[in-house]
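Novice: Sequence:
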Amino acid sequence: MELSVLRYHTLCFIIFLFTGVWALYEEDIGKFDWHIRSIGPMKFSFFDQTHHTNRRVIISSELSVLASVTLRSGDLVWRRSLEEYRPIDTVLYRESTLITVSDNGKVVRRWDPESGHLQWEMSSEGEYETNESYINAYLNETNKIILLTSTKLKYYSVGGHLLIHKDLNMEMDGAVAFKMSVLKSSIILLLYNSNSKSVNWVSMLNSKVQENGIIQAFDNFREEHCLLVGMRSIVCLDKQTAKFYVATLEQSEFIVYTLIDLHIGPIDLTEESCIQISDHFSKVTPRFYFILSANRQFILELEFSDNSIRIVQSFSSDNSLLLFDDILENNIIVFSLTSDFTNLSVRCYDLYNEAYIDSLEITLAMNRFSGSPVRAVPYLFYKKGQSIGYRIIVSFQDGSFSLIQQTGRISWTRDEALSDIVSAKFITLSTTEENTIYSSVLLDSATSTNPVEGFYRMIYSQAIYVRDRILHIKQIILEPSIYNETLHEAIQPVQSAAIFVTRLGKVYCIDSKSGLFLWNLYLPHLTGYLSSIYEDTCIIKLINTSPESALVILGHSNSPDYCNGTVSIVVNPLTGEYMPNYPSCLSYNISQSVQLEEDGKVVAIALLDSDNTIHIFPDTYSLQPDTRLFMYTADAQTGEITGHHFSTNGDDTFKHVPTWSFILPRLREELVLFSVKNSAESIYANARVLSDRSVLYKYLNPHLTVLITESRNERKPCVYLYVLDGVSGRLIHQLYHSNARSTVPPILAENWIAYQIINLKEKRQEFIMLEMYEGKTVNNASTWTSFANINVLVLSRSFILPGDLYTMTVTSTNRGITPKDIILGFGNGQLFSLPKSFVEPKIPHELSKSPSPEPAKSPTPKIPLSYQRVINYNKSIDRLREILVAPAELESTCSVLAYGIDIFHTQSSPSKSFDKLAEDFGYTLIIGVLAVFLVFSLVGSSISVYRKTNQNWC
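Sequence positions in the sequence shown follow UniProt numbering and run 1 to 954.
FYI, nobody ran anything at the bench for these hints, they're computed from the structure. No residue lacks a Cβ here, since even glycine has one placed at the ideal position from N, Cα and C. Don't take each hint at face value.
[As the list claims (entries may be wrong)] The list that follows gives simulated cross-link-like pairs (lysine-lysine, PhoX-like), each with its CA atoms no further than 25 angstroms apart:
id: 1; residue 1: Lys-541; residue 2: Lys-601
id: 2; residue 1: Lys-197; residue 2: Lys-243
id: 3; residue 1: Lys-698; residue 2: Lys-761
id: 4; residue 1: Lys-513; residue 2: Lys-197
id: 5; residue 1: Lys-677; residue 2: Lys-425
id: 6; residue 1: Lys-655; residue 2: Lys-513
[As the list claims (entries may be wrong)] Restraint-style ranges between C-beta atoms, simulated for each label pair:
id: 7; residue 1: Leu-735; residue 2: Pro-583; range: 14 to 22 angstroms
id: 8; residue 1: Arg-72; residue 2: Asn-143; range: 24 to 32 angstroms
id: 9; residue 1: Thr-50; residue 2: Asn-220; range: 40 to 48 angstroms
id: 10; residue 1: Ser-73; residue 2: Thr-50; range: 15 to 23 angstroms
id: 11; residue 1: Val-778; residue 2: Pro-580; range: 44 to 52 angstroms
id: 12; residue 1: Thr-50; residue 2: Glu-889; range: 31 to 39 angstroms
id: 13; residue 1: Ser-411; residue 2: Pro-583; range: 51 to 59 angstroms
id: 14; residue 1: Thr-50; residue 2: Gly-816; range: 53 to 61 angstroms
id: 15; residue 1: Gly-816; residue 2: Asn-950; range: 57 to 65 angstroms
id: 16; residue 1: Asp-804; residue 2: Lys-776; range: 36 to 44 angstroms
id: 17; residue 1: Gly-389; residue 2: Thr-743; range: 29 to 37 angstroms
id: 18; residue 1: Arg-368; residue 2: Ala-685; range: 47 to 55 angstroms
id: 19; residue 1: Ser-73; residue 2: Glu-272; range: 43 to 51 angstroms
id: 20; residue 1: Gly-385; residue 2: Glu-271; range: 43 to 51 angstroms
Taking the hints into account, I'd like the entire structure generated from these sequences.
Specialist: Next up, the structure:
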C-alpha cells in the first residue's frame, strides 16, 4: 500500500514537471518596452551606514512610499508603497531599526532596512474619533518607540508590543498636546487647554509623571508657533504683533521681546515667518532657528539665567536660503544652502566656535529647471586625516533630489516629479524639413482612396527617405564631427514622443520608443485643474503653424499674481524652447476646447470660457467664413448638460445659440464619470456579418457622449448610464444598476460602450458591454446627421472581473483594420490585453434566420484572462492611474503607455504583427535567390537575342 502511494506521488511530480509554462525570452526583456520606477518627492531621508561596502539612503516620499536607494548611483534597492489614504506622518531610523508612523498615528510599522520586509505592524483603527492635529515620535536609546498625538501617549517596544497607553485628553481635563522633547528616559510634554487659555507642562521619567505646571497663555497664542528649548523653556512667536514670548517651566507668565529688542528691526512678519528647532539643538544647546523670510534667517540663543534672547548668527541671501544641521560627536555644523537657479552654494558654520569653516565651502552648477531647494539632510563623518567631510541629500521644488559630495560634485539626481502625473498625451515629432515632407507624403498615401495613387505615393515617400539616408551617410563620411548630432534624425525620420505634465508643474518630453528624455521644463505656476469634468487636467495640443509646429499647454494658475486665469505655455516640440509672440497668460478660465483642422492637420484651438464665449488660440489664425462649432458643457454641481452652437458672424467672432439642455435629478443623482468619442478614430467596417450571411449595420454616431451618475442615497446605491447625442441632445439609451457603484471611466468606441460597476450585493466587480446597431438598413450612408430619427438597437452582456479594475482603454491603429483589444489595468499593476471579440454581446436569434443560435465566443460569465496576455509581464505599475494608446507606424501595432507612480510603455499587437517580418527572416537567402534569378534572366535574355539574330540571318 505504501509503495503504491509512493508511485502515485512520483507520477504526479513527473507530470507537474511537464506542465505548460508561459514565459518571456530573456533577450526580449526591455526590447520593445521601457519602465520608469519612481518614489515621489522626498519627505524624510536617512543615511544607512550599516553596510560599509554597499551604503544606502532610506527615503520616505510625499506619496507614502518607503524606499532604499544606493548611495553610489541612486538606483532603487527596494520600494514599499503604503496606502495612499494613509500618509506617512514620521519615520524613525537608528542602526537596524526602521519605524514608520502613518494615518495620524494609527498605524505603526517596523521594516527591515536591508530587504524592506515588514517585520510587524500595530494598528489602532477606530480608536481615534477625530484627526490628530499633532503627531510626533521618538526612538530613544533604550529602543523604545515613544508616540505622541494630540490626545494619546504610547510606548512601543521594538518587538511590536504596546507597553504604555495614556489618554492625555482625559487625564489633563481636555488639554491637547502640541510639543514633546525627549532626552534619554526623560520626557517633557506641552499641552494647551483652550477652555482655561493656559499651557500645561508635564515632566515624565520612564513614563511616570514627576512634575507638572501651568503657564498662562497670551492673546494670540498658537500651538504651532511655539518651541520647547533646552528641556526647560518655552519660546513662542506672535506673528501678528511680531513679538517673542519666553517662559521657563517654573514661571506662570511669559516675558515679551520685540524684534527691535533683538536688533532685527521693525519688520512685519509674513506667512513664511516661523521658528524651528533641531533635535541637535534641544539636547546640546538652547538655540533655535528664526526664519524671517525665504532669504533671511537667524540662529537665536536663549539665556536660561534671565530668559533673554541673543542673535548668534544671521544668514541672508539675495536668493533662496535653506538652513539645516548635523552633529558629529559634540560639534554642531549648521549648513547654509543658497541657490540662484544656476549655481548652488554650501557654507558650513561651526556653532560651538561661532565661525565659518572655509575649507568646507563649495559651489556647484545646478539644473536651472529644478527650482529652489526645499529640504536637505546632511551626513557628517571624519575622513582619514581626521578632517570633517559631509554628504548632503537635497530636494528641490520640482520634486527631484540629489546627492552632493564635499568635493563639489553631484553624484546623482533622481527626478521624482513623474510620480504624480496629471495629464499626458502622445505627439508626433518631425525632426527635419525633409522628414516633414516624408511624413506628409506618407500620410497622403495612407488616406488616399485610389489604391494605385496610394501605392505610387508610398513608393515615392520611400524613395525620398532612401535619398535622404544616402545623403546623410555621405555627409557623415565627409564631416565625422556632426555624426553624433544628426545620426538619430537619420535613423528615425518621424519620432513619436509622450508629453507629461506633473502636479508640481514640470513638463517632460520622452521618446516613446526608447524612453529617453528629450527635454523638460519647470513651470511652478502651472498646477491646478481646469473647471471641467470632461477635460484633462491640462490641455495638450500640437498645432501646425508656419514655419514650424508648436506644442501648446494650457492649465490653471496657482498664483493670482502671476496669472489670474489660464497659464499658456507654447514651446518648440523638438527642443522645448519657448516660442515668441505667444501670450503666457489668458485672462479667462477654460471649460471646453475643440481643435480646428485644415487638410487633416490641427492649425488652431477653439477655447470655450466660463461665460460661453469662444476664443481662438493662437489669435493670429483667420477663421473660415462658414465655421460652425457644436460644444456641450456639464456642471457636476447642478447636474445640467447644455449644448451650444457657435457660428461665425462674418468676422473673427462667434454667435452663440444654446441648442439643448439635459438636466439630471440633482437631488437624486450625482454626475461622477464622463466619456466622449475619439474624433480621430478609424473605423474599417460599418457592419457586422451574422451567421446567416445577413448584415447588421452599426450605429456609428461620431457625437456620442456617455454619462454615468450615482445615487446620492447611500442606503440605496445605484448607477445610472445615459447615452446622449452631443449635437442634438437626444437621449439614445439609458439604464441603471441597483446596489452598485462605478469608479472607472467608460470606453466609447465605434458602436460599443464598455463600463465597469462594483456589485455591492455580490461584492465583486463586473464588466458590461453594450453594442448599438441601426438595423439591417443603413440610414446615414453618405453623410451623418444627428437629427435623423433612428431606432437604435442596443445589445448588452455582462461579465465578472477576476480582479480590482483601476482603468481601461481600447487599442487604436491607423486604418482600423486590426481587431481591437481592450486594455484592462488592475490594482496589482498588471495590464491585460483582452480581445474585444471575447466580450461581444450575443446576437438575438430573431435577428438571424439561421436555424441555430449564434454561439458566444466566451461562454463563461467570467472574463478569461490568460497570463499570456499580460503585456507588462513582471513590470507592474504601482498605483495605476491611466492608460494611453496611440497608433504606431505599422497597422498591426499600437503604442500603449500606462502611468501611476511608475511609467510603462510597450507595443501591443492584437493580430500578432501580421504586417511585420519575423526577426529570423532569411534576408541573405532571399537576396541570394533574387540575385541568381536576376543573373539567369540576364543570361537567358542575351542567349535568346543571340538565337533570334542567328535565325534572322539564316
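Novice: Decide, hint by hint, whether the structure agrees.
Specialist: Hints, verified against the model:
1. A threshold of 25 angstroms between alpha carbons decides the hint, and for Lys-541 with Lys-601 the separation of about 11 angstroms falls inside it, so the pair holds.
2. Of the pairs offered as hints, the one joining Lys-197 and Lys-243 holds, with about 19 angstroms between alpha carbons and a cut-off of 25 angstroms not exceeded.
3. At most 25 angstroms may separate the alpha-carbon atoms for a hinted pair to count; Lys-698 and Lys-761 exceed this at roughly 34 angstroms.
4. Straight-line distance between C-alpha atoms of Lys-513 and Lys-197 comes to about 64 angstroms, which puts the hinted pair past the 25 angstroms bound.
5. The straight-line distance between the Cα atoms of Lys-677 and Lys-425 is roughly 16 angstroms, inside the 25 angstroms bound, and the hint therefore holds.
6. As the CA atoms of Lys-655 and Lys-513 are separated by approximately 45 angstroms, the hinted pair breaks the 25 angstroms bound.
7. Look at Leu-735 against Pro-583: about 46 angstroms separates their beta carbons, and that is not inside 14 to 22 angstroms.
8. Taken as a hint, the range 24 to 32 angstroms holds for the pair Arg-72 and Asn-143, whose Cβ atoms sit roughly 30 angstroms apart.
9. At roughly 47 angstroms, the beta-carbon separation of Thr-50 and Asn-220 lies within the given 40 to 48 angstroms, and the hint holds.
10. A hinted range of 15 to 23 angstroms holds for the C-beta pair Ser-73 and Thr-50, which are about 19 angstroms apart.
11. A beta carbon spacing of about 51 angstroms between Val-778 and Pro-580 agrees with the range 44 to 52 angstroms that was offered as a hint.
12. With their beta carbons about 51 angstroms apart, Thr-50 and Glu-889 fall outside the hinted range of 31 to 39 angstroms.
13. Distance hint check for Ser-411 and Pro-583: the Cβ-Cβ separation is about 41 angstroms, which falls outside the suggested range of 51 to 59 angstroms.
14. As the Cβ distance of Thr-50 to Gly-816 is approximately 58 angstroms, the hint placing it in 53 to 61 angstroms holds.
15. The hint said 57 to 65 angstroms for the Cβ distance between Gly-816 and Asn-950, and at roughly 60 angstroms that hint holds.
16. Between Asp-804 and Lys-776 the C-beta distance comes to about 41 angstroms, which sits within the given range of 36 to 44 angstroms.
17. At about 52 angstroms, the CB distance of Gly-389 to Thr-743 disagrees with the hint of 29 to 37 angstroms.
18. Distance hint check for Arg-368 and Ala-685: the Cβ-Cβ separation is about 53 angstroms, which falls inside the suggested range of 47 to 55 angstroms.
19. The hinted range of 43 to 51 angstroms is not satisfied by Ser-73 and Glu-272, whose Cβ atoms lie roughly 35 angstroms apart.
20. Against the hinted window of 43 to 51 angstroms, the Cβ-Cβ separation of Gly-385 and Glu-271 comes to about 46 angstroms, which satisfies the hint.
Comparing the model with each earlier hint shows violations of hints 3, 4, 6, 7, 12, 13, 17, 19; every other hint is respected.
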